[in-house]
Amino acid sequence: MATVTREVPLMDEASKPAVVWGPIFAGAFAAVAATAVLVLLGSGLGLTLISPWSGESAGLATVAASTAIWLVVVQWLSSALGGYLSGRLRTKWVGVHSDEVFFRDTAHGFMAWAMATLLIIGLVGIHTTMLLGAGTHVAASVAGGAANAASQTAQANNQNEATGYLVDSLLRPADPARLTTTGAEADQAASAQASRILVMGALQGEVTQEDRTYLASLVAARTGLAQQDAQARVEAILTKANGFKAKAQQAADDARKASATAAILGALSMVIGAFIASVAGAMGGRQRDDDELKRDDDELSLVSSARYT
1 MATVTREVPL MDEASKPAVV WGPIFAGAFA AVAATAVLVL LGSGLGLTLI
51 SPWSGESAGL ATVAASTAIW LVVVQWLSSA LGGYLSGRLR TKWVGVHSDE
101 VFFRDTAHGF MAWAMATLLI IGLVGIHTTM LLGAGTHVAA SVAGGAANAA
151 SQTAQANNQN EATGYLVDSL LRPADPARLT TTGAEADQAA SAQASRILVM
201 GALQGEVTQE DRTYLASLVA ARTGLAQQDA QARVEAILTK ANGFKAKAQQ
251 AADDARKASA TAAILGALSM VIGAFIASVA GAMGGRQRDD DELKRDDDEL
301 SLVSSARYT
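Position one of the sequence shown corresponds to residue 1 (the working numbering), numbered consecutively onward.
Hints in this document: simulated from the structure, not taken from any laboratory.
Certain hints may be false.
Said to hold, decoys possible - Here are the simulated DSS-like pairs of lysine-lysine, each with C-alpha atoms no more than 25 Å apart in a straight line:
1. Lys247 to Lys257
2. Lys294 to Lys92
3. Lys257 to Lys245
As the list claims (entries may be wrong) - What follows is a set of in silico ranges between Cβ atoms, one per label pair, in the way DEER data are often shown:
4. Met130 to Glu292: 42 to 50 Å
5. Glu292 to Leu123: 52 to 60 Å
6. Phe29 to Val96: 24 to 32 Å
7. Leu265 to Gly224: 56 to 64 Å
Each residue gets a CB set at the ideal place from its N, CA and C atoms; glycine is no exception.
Can you build the whole structure from these sequences, using the hints too?
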């Protein structure tokens with residue numbers, strides 16, 4: 001009975017690089033292409049949720065949540081494809097322990113994910129630069145001039161308001177009724193004083209008790225209300241103004257929290273994508289080795305059959 005021997009070529013492990021860039025680039029390009037296709041598909045599906053007709057369009061929260069979920073799914077699917085191809089297309093190492101092969105396949109999947117991520121960031125940056133590049137210089141010049149003008153105007157207005165407030169403090173009459181004579185000039189004078197008091201209160205963070213008392217006297221003289229009722233009106237207006245300020249601060253804080261949450265979830269999603277790409281690379285490498293082993297076994301079977309016939 002003939003014995004079939006199988007010769008296994010021995011190769012120096014050091015002569016073969018542990019990193020093969022060809023499969024990595026192939027997996028990265030495949031991941032980028034898959035991302036582009038899936039994003040376009042998601043855009044088409046997302047447009048079906050929006051309608052110009054009243055009552056037929058999904059809510060803003062629904063659209064935003066659907067977009068976020070789809071982007072996460074796109075990232076994970078493209079990561080899996082790129083990682084699998086990076087492991088599947090790599091040439092098998094000979095004379096390397098199976099644990100080391102598993103690690104290298106995993107690393108190739110991770111590097112394909114990293115390369116695809118950098119490519120997407122670069123493409124988005126280039127696209128944004130191309131869109132904004134034509135008018136960037138002019139827009140920056142105009143915006144800079146407008147910003148400087150607005151800043152100078154705001155500073156001048158603040159200085160004027162502060163100066164007017166100090167002048168009002170010096171010239172406040174003991175009886176605010178002196179400012180309330182009939183006529184348009186009297187109305188403008190009283191309104192200007194009240195406006196400057198409120199503006200300075202907003203700049204300082206609060207309206208002083210002295211200004212509150214004077215405002216109540218001014219309101220009483222202008223409206224004919226009793227001093228107590230005028231004081232209550234002033235306190236109600238100041239409370240309403242503080243409520244507007246609190247709402248603006250709350251909106252800013254909510255936006256900050258939403259941005260922080262989106263950044264954290266985005267980073268977590270990217271980490272999961274890297275893990276998926278690494279696992280897919282290991283799976284692709286195992287599939288490659290299994291297929292090669294099966295092919296070798298089939299070749300040995302054919303050789304054995306030929307020798308025995």
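* Asked: Keeping to a limit of 25 Å between CA atoms, is the pair of Lys257 and Lys245 held or broken?
  -> 18 Å, holds
* Asked: Is the gap between the beta carbons of Glu292 and Leu123 within 52 to 60 Å?
  -> 35 Å, violated
* Has the given pair, Lys294 with Lys92, been kept, meaning a C-alpha gap of at most 25 Å? -> 14 Å, holds
* Asked: Does the Cβ-Cβ separation between Met130 and Glu292 fall within 42 to 50 Å?
  -> 45 Å, holds
* Asked: If you check the beta carbons of Phe29 and Val96, does the distance land in 24 to 32 Å?
  -> 26 Å, holds
* To do: Verify the proposed pairing of Lys247 with Lys257, using a straight-line Cα cut of 25 Å.
  => 15 Å, holds
* Whether the CB-CB distance between Leu265 and Gly224 falls inside 56 to 64 Å -> Roughly 59 Å apart at Cβ, these two residues keep to the hinted range, so it holds.
Violation of the numbered hints given earlier is confined to hint 5; every other hint is satisfied by the structure.
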